[in-house]
Every structure is written in structure tokens, then in C-alpha cells.
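Position chain B relative to chain A; hints supplied.
As given, the protein sequences belong to chains A and B, one line each in that order. Here our numbering is used: the first residue of the first sequence is 7, the next is one more, and so on. Here our numbering is used: the first residue of the second sequence is 1416, the next is one more, and so on.
Calculated from the structure, these hints are not laboratory results. Cβ atoms here follow ideal geometry from the backbone N, Cα and C, with glycine treated the same way. Any given hint might turn out to be false.
The calculated label-pair distances, taken between Cβ atoms and stated as ranges, are [as the list claims (entries may be wrong)]:
hint: 1; chain 1: A; residue 1: 12; chain 2: B; residue 2: 1765; range: 33 to 43 Å
hint: 2; chain 1: B; residue 1: 1830; chain 2: A; residue 2: 176; range: 22 to 32 Å
hint: 3; chain 1: B; residue 1: 1817; chain 2: A; residue 2: 244; range: 51 to 61 Å
hint: 4; chain 1: B; residue 1: 1813; chain 2: A; residue 2: 176; range: 55 to 65 Å
Some chain A residues flagged as far from chain B (calculated, every beta-carbon gap over 12 Å) [to be verified]:
hint: 5; residue: 41
hint: 6; residue: 83
hint: 7; residue: 116
hint: 8; residue: 121
hint: 9; residue: 162
Interface residues of chain A toward chain B, partial, derived using beta-carbon atoms under 10 Å [to be verified]:
hint: 10; residue: 27
hint: 11; residue: 29
hint: 12; residue: 82
hint: 13; residue: 86
hint: 14; residue: 89
hint: 15; residue: 90
hint: 16; residue: 100
hint: 17; residue: 101
hint: 18; residue: 102
hint: 19; residue: 103
hint: 20; residue: 113
hint: 21; residue: 128
hint: 22; residue: 130
hint: 23; residue: 163
hint: 24; residue: 228
hint: 25; residue: 229
Each chain is listed here by its residues.
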Amino acid sequence: MIDVRSLVKDHGSLRVLDGVCLSVKRGEVAAVIGPSGGGKSTLLRCINGLESFQQGEVSVDTLRLKPGDGHAALQLRQLRRRVGMVFQQFNLFPHMTVMENVLAGPRFVLGRSRAEAELEARRLLDRVGLGDKLDARPEQLSGGQQQRVAIARALAVRPEAILFDEPTSALDPRMAGEVLSVIADLAKSGQTMIVVTHAMHFARQVAHTVHVMEAGRIAESGPPQQVFESPREEATRRFVAETRN
Amino acid sequence: MTRRAWWWFVLAVGVYLAMVVAAGVFEAPIASDPHTLRWGGDRSGGGPYIYTDKGGDLVGFESELAHYIADQLNLSARFVQGPWDKLPDRLTRGDIDIVLNGYEWTPERESKWASTIPYYIYRLQLLARKDDESIRTWDDLHSSSRRKIGVLAGSAAQRYVKKTFGDDVEILAYTEGVTSAMRLVEQGQLDATVQDYPAAVFYAPKFPALHAVGEPVAPGRHPYYVIYVRREDGDLVRRIDDALRKALRDGTLERLYRRYRIWTDDQPKLAVLSEHWPPADDGPPEEEEDESGGQSFLLILARAAVTTVLLACLSMPLAMLLGLLVAIGRLYGPRWLNWLLTIYVEFLRGTPLLLQLFVIFFLLPAIDVRIPAFWAGVMGLAINYSAYEAENYRAGFLAIPRGQMEAALALGMTTSTALMRVIVPQAVRIVIPPVTNDFIALFKDTSVCSVIAVTELTGRYSELYNNHPNAILQLGLLTALLYLLMSYPLSLVARRLEKRFPKVVA
Chain A
7 MIDVRSLVKD HGSLRVLDGV CLSVKRGEVA AVIGPSGGGK STLLRCINGL
57 ESFQQGEVSV DTLRLKPGDG HAALQLRQLR RRVGMVFQQF NLFPHMTVME
107 NVLAGPRFVL GRSRAEAELE ARRLLDRVGL GDKLDARPEQ LSGGQQQRVA
157 IARALAVRPE AILFDEPTSA LDPRMAGEVL SVIADLAKSG QTMIVVTHAM
207 HFARQVAHTV HVMEAGRIAE SGPPQQVFES PREEATRRFV AETRN
Chain B
1416 MTRRAWWWFV LAVGVYLAMV VAAGVFEAPI ASDPHTLRWG GDRSGGGPYI
1466 YTDKGGDLVG FESELAHYIA DQLNLSARFV QGPWDKLPDR LTRGDIDIVL
1516 NGYEWTPERE SKWASTIPYY IYRLQLLARK DDESIRTWDD LHSSSRRKIG
1566 VLAGSAAQRY VKKTFGDDVE ILAYTEGVTS AMRLVEQGQL DATVQDYPAA
1616 VFYAPKFPAL HAVGEPVAPG RHPYYVIYVR REDGDLVRRI DDALRKALRD
1666 GTLERLYRRY RIWTDDQPKL AVLSEHWPPA DDGPPEEEED ESGGQSFLLI
1716 LARAAVTTVL LACLSMPLAM LLGLLVAIGR LYGPRWLNWL LTIYVEFLRG
1766 TPLLLQLFVI FFLLPAIDVR IPAFWAGVMG LAINYSAYEA ENYRAGFLAI
1816 PRGQMEAALA LGMTTSTALM RVIVPQAVRI VIPPVTNDFI ALFKDTSVCS
1866 VIAVTELTGR YSELYNNHPN AILQLGLLTA LLYLLMSYPL SLVARRLEKR
1916 FPKVVA
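Chain A extracted, bound-state conformation:
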């Protein structure tokens, strides 16, 4: 469903992505792991057009992003409606309540009325365990709660895939656990997703495929079992060993 082909991105003289290839099938959960600065987040941001790239191609179903700045606005919007995103810093809208955050997509993107969308939003907030916080403001919630609202917000436009950009890096372990269990739950229900994460046990238990990224390249891809137990690449071995300690 998502196909990234030979993606190259330069930041000035620095090559952030150096020919990245990646495909994700419908219903697949892909984890992207690797040392910081390897280009994991940039890859996600290129996939939904938040950043441009210099070479290669991103395709989501029949929609294609080409190199260069000027993505057609309509094309971009169609792509983003299919591919949601959850950010490391949550990025909830601070001037809206929890409910309004979740309704933002249905109302302002899909053009539904508030009444129409509210039932679905309630269901989503129940699902992430925040059915009792509908009228709270983001600032009144813990980080873990905020991230779960962000997940509900992304789900509310019924995306075909969701990109998670280090969803638990800004959280302490207990709160990270809450959020990861919500994501694992989504994975079980067949939601297509790409998760950039440092939570190794999560990658190992939930992902169908693990991609190890280092220095702007995918060093190794494979089922978690294989990547963690019998890595073929030196880079993978080094990274796995480091994260054990």
C-alpha cells in the first residue's frame, strides 16, 4: 500500500536520506528502529509530504509524490487523508477540548456536522480509555493521555494507514506503556501502520516487519525474530547490542 522507492533527501550538504526503499502492505505493522539521527523521522515526514525530497518517489495506493517542493495541494491532501500521523510532541490543539480535537478532522476535513461526528468520536475516545475526559483541555491531561487523544484524533478521519513518529519518546515508562498498549490494540485490529520507535520490546512483539535504519539507509529488514535474534548486518548487531544494555 505504501511504497517508498530510492528516496534521497539533502539538508544543505548533509544527506539525511540516502536511497531509502520501503514497502508496507495493507494490514501490515512496520517498525522502524535505529540510532538517533539515522533519518527515521525524516522518512515518515517525507511519506506524508510534510517535507520534500530530492530524488525517488513515494506512492500510497495510486497517489504519487515526486521530488521537489511543489506538491500539488490537492494531491497532498488526498494522501494525508489516507495516511494519518501521530507526533512525538502530541501537537494537540491547545485551544480545543479533547472532544473538539478529535472532531477537528471530521468537521474541518471531511465536512461532517458536529452532531454527526460526535458518536464516532466518543467511541474512539472510549477505545483509547479517555471516555471520561471529553471536555478536558489538553493542558489538563498527562502526556500519556494527550498522546492517546492524538491517536483518537488521527483515527477520526478513518485513515488507511497511520504513521507514528516516536510516539512514546516524550513519555515516562508508565505512560509510554499506556500508549503502546493502545497502539498494539490497533495493530491487532488490522490497522496498517509504520511506527518509528525506540521501544524494542514493542517492535519485537507487535511489528510484522522491522526495518533498521542507520545513516540515511535501511540497513536491514525482516521479521522481528530474524532481526533481533540473528541479524545479518553489522549495523543491526551493533544497534541491538547497544539497546540490550
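For chain B alone, kept in the frame of chain A given last:
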């Protein structure tokens, strides 16, 4: 403080002191000196009184009169420029020795300053457009259509029109000279103007579309131009009176006035007057409560304060809206738009509000855009403040984390939806404190609108003060109180708004 910072500080202090010295040189008032006659006038008031000729020299019948008097007194004449309606105040302050600039004799002024014998007997001339069939006599001003009449603020013409035509006409008083009103009549923004006869004669060739309507009239019993002097300078008054009497006797004055073509059949009476001056207080005071028509100062000022409130409250929302659009254009628009709007902002911030109002009010009619004074004021304030609001909003937008826009776009919103639903609502909360400050500042800047004859609070205050110079304390306190009554609630509202929206950005 580091050594480097210390040197910068010393340098800054040095530059500041240098500027103080420069100000002492360039801005020095002309000091009182026993060999100099400092005479105050307003050359922007125009001919034939005091004006600059093409060579830049000061000319006019009053300029020549000042030099004649100085010669007779064995003094050297030094001209001091000042706004016409503030000349008596400069006299009181001691900046000048005499006021010699078409100042009419009034009992009010006589009670505060000493007058010389009259040097000219004036009349008022009604001027209207030649093609305006509806104004052919003075009496045509008594019409149900409420003609708009322009006059010089604080002048005898203003008092005369008010007294004679009352509410039959709408009086617009301009502080800036004589020609503003004439130009506005020519352009059709006013129906007529009433001017002192010398000005009407002098400017007739420059405004060919206008003509004199009816005979010039003598307003009141004392239509005299006099020279004002401080009360304590009684000796100066006597010496000037002697000089004037001599000029009357030997025909110097008549020759001067004939040269400027302002000699009239009234002038021979000057000789009689010079023997009986000041006039005995005969009969009831003719200009009792002239401006106020019996109303208290508070009522008059409160009415003007309403105009001030309307000016401010109508222009600020426009300024905020315009500023918001400009800020969005600069931050999210294409590069050429950003470039254009940067010029817009810098141009408006870099030029005075006063100048912008003049352009809107006096120059736009040249391209056939005519805006009533009040709305020109609203427009000028709105446009001027839009530049400041644009900068406030820009700072507000930049204070919002990038992730907000990204999250909105990632949901699939268009950029404009994201701005409207996510970015602007947050920016508005951030800019509440600076915008409220600007609103308070704008309240006070509305006073600039008096130059285009919008009678707001400050304008009304100086008008009242001109006619009642003895009530300065009462008028000043009332005006200050009204301003405070208007701006203090704003500060309270601002404080509450800030509390209601504690910083929303995480």
C-alpha cells in the same frame, strides 16, 4: 559588565550628550533680549498676512507692519513661527513678545492679555462655488439642507457663523490654515466657507472656481485686528500704540494696505478708534457663552468624547482585521506578496499618522475619491494601526509551535482551514495584551483627527480653550478625566482577558 559592553555604554551616553548639545543649538528658543522684538505668527496661515514668497522670504502686510513697528521702536524684528491658535499661549510662556497675526479683539482675550489699538478693521466674506446656484446670498445659508461651512478653527468667522446661522448649517473648523477650507469647497466636500476679507481677496485668483457671495459683513461690534502683548508689558503696548498712530496719521498704513489691496471704506475709522481704546464696555456682552450656547463645558466635551469613542471603536476592529490579513500574507503568502506587504508595513510605520490623514482627506479628492471627514479619520487610523497589528500578529504566529500547523495539515486540512481553525485562534489569544495596549494608544491618537475637522475631544478642548482662555484648568481637568474614563476600563478588560486565556501554548 564586560569591557566591550562597557565601551558600548560609554559610546551611547556620548552620542546622547552630543544630541543634547545639538538640540541646544538647533532648537533653542529665541531668547528675550532688549534690542529684539520677537513677533509671533503662523506663516502656514497664509497670505496676505504672513507668508513666504517664491524666494523663501517672509512677506505679507503683517510682516511689513512688524518691521515698521520694530523700526519705530529701534528694535530688530525676529519672526517666531507657531500654530495660529496657540500663539497667545506662547506669549504667556514668554517665547514671544507680541502676537501679530490677524487676531481679533475679544473681551475674553482682553481679560488675559493687553491689546494695542486696532491696526485693521476686518469683515467676513462668504465664498462659494460659482456653479452652485443655491448659494447666492448670505441668507441662502438658512436652508433646510444644512449646508457644510468651513471656517478657521477659533476664528471670528467660526463664532459669527455659529451665532448667525446656528443649527441651520454644519460648521467644520480647520486648524490648518485658510486654504484647506477653500480647497474643500472647490472639491465639493464643503458648500461654502467664511473667511476674513483680506484672505478672501488674496486667494481669489488661486481658486477660480469660487466667488464672493453677498457683501462682506462686519461680525459683532468690534471687528478689529489687534496686537496682543503680555499684561505686564504695559510700556511696550504704549510704544506700539504710538507707532501705529503715527502710521495712521502719515498714511503709511493706508499705503501698505492699498499695496495689498485690502484697504476698505472701514479703515478710516481706525483713526477714531485710536483715540478711544479699548472700547468701553457698552451694552450686553455680545459673545456670551458663544460656543456653548449655554451648555456646560462637561456636556460639550462629553459630546466630543462620544466622537472619540466612535473613532477608536470603529477603526480598531478594522485595523485588527487588516493587520491579521497582512500578517497571514507575509508569513504564508507567496514571496512577491510578502515583499509587497513588508513595504506596506514599513511605509505606514515610518510615516506620521498626521501625514497619512492629510493624504486621505486632502489628496484623495484630487482623484475624485471623496470621503467625509469622520470616515477619513476612521480609515486613516485603521490603516495606520493595521501596520502595528500586522507586526503583533506576525509575532503571535511565530510564537506558535510549528507542530500545530503540521498536525493540522497531517489531518488533511487545507492551509487556509488550518489557519482559520488552528493557528489564528491561538494567535489571537497571544496578541491580546499588545493589541489592547495599541487600542489604548489609538484612543489617544484619535486627537490627530482634529486636523481634518473631526470635532473629537482634544479638538473640542482647544476650541473651547481658545474662546475661554481663563477656564484652562477646568477644561484641562475635564478633558483629562474623560480620556481616563475611556481608557481605564479598557485596561481592566485587557487584564481580564489575559486571565481568561492563560498562555495556551504548551
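So, going through the hints one by one against the coordinates:
Between residue 12(A) and residue 1765(B) the Cβ separation comes to about 52 Å, which falls outside the hinted range of 33 to 43 Å. For residue 1830(B) and residue 176(A), the Cβ-Cβ distance of about 27 Å falls inside the hinted range of 22 to 32 Å, so the restraint holds. The hint said 51 to 61 Å for the Cβ distance between residue 1817(B) and residue 244(A), and at roughly 33 Å that hint is violated. One distance hint, 55 to 65 Å for the beta-carbon pair residue 1813(B) and residue 176(A), is violated here, with the actual separation near 23 Å.
Separation of residue 41(A) from chain B is adequate, the least Cβ-Cβ distance of about 23 Å exceeding the 12 Å criterion. Look at residue 83(A): its CB is around 5 Å from the nearest CB on chain B, not clear of 12 Å, so calling it non-interface is violated. Distance check for residue 116(A) against chain B: the nearest CB is about 8 Å away, which does not clear 12 Å, and the non-interface claim fails. Residue 121(A), annotated as away from the interface, keeps every beta carbon of chain B farther than 12 Å; the closest lies near 18 Å.
With 12 Å as the threshold on Cβ separation, the claim that residue 162(A) sits away from chain B is violated: the shortest Cβ distance comes to roughly 8 Å. The restraint placing residue 27(A) at the interface with chain B is violated, with a minimum CB-CB distance near 23 Å, outside the 10 Å limit. Because the smallest distance between the Cβ of residue 29(A) and any Cβ of chain B comes to about 21 Å, over 10 Å, the interface hint for this residue is violated. Because the closest C-beta pair between residue 82(A) and chain B is about 8 Å apart, less than 10 Å, the hint holds.
The criterion of a C-beta within 10 Å of any C-beta in chain B is met by residue 86(A), whose closest approach is roughly 4 Å, and the hint holds. At its closest, the beta carbon of residue 89(A) sits 8 Å from a beta carbon of chain B; the interface hint therefore holds under the 10 Å criterion. About 7 Å separates the beta-carbon of residue 90(A) from the nearest beta-carbon of chain B, less than 10 Å, and the hint is met. Against a cut-off of 10 Å between C-beta atoms, the interface hint on residue 100(A) holds, since the closest Cβ of chain B lies about 5 Å away.
Interface restraint check for residue 101(A): the shortest CB-CB distance to chain B comes to about 5 Å, inside 10 Å, so the restraint holds. A least Cβ separation of about 8 Å between residue 102(A) and chain B falls short of the 10 Å threshold, and the interface hint therefore holds. Checking residue 103(A) against chain B by beta carbon gives a least distance of about 13 Å; that is not within 10 Å, so the hint is violated. Interface hint at residue 113(A): satisfied, since its Cβ lies 9 Å from the closest Cβ of chain B, which is below the 10 Å cut-off.
The interface hint given for residue 128(A) is violated, since its Cβ lies 19 Å from the closest Cβ of chain B, which is over the 10 Å cut-off. Taking 10 Å as the C-beta contact cut-off toward chain B, the hint placing residue 130(A) at the interface is violated, the least distance being around 14 Å. Satisfaction of the interface hint for residue 163(A) is found here, the shortest Cβ-Cβ separation to chain B being roughly 6 Å, below the 10 Å cut-off. Interface hint at residue 228(A): violated, since its Cβ lies 29 Å from the closest Cβ of chain B, which is beyond the 10 Å cut-off.
Taken as an interface hint, residue 229(A) does not check out: its beta carbon lies about 29 Å from the nearest beta carbon of chain B, beyond 10 Å.
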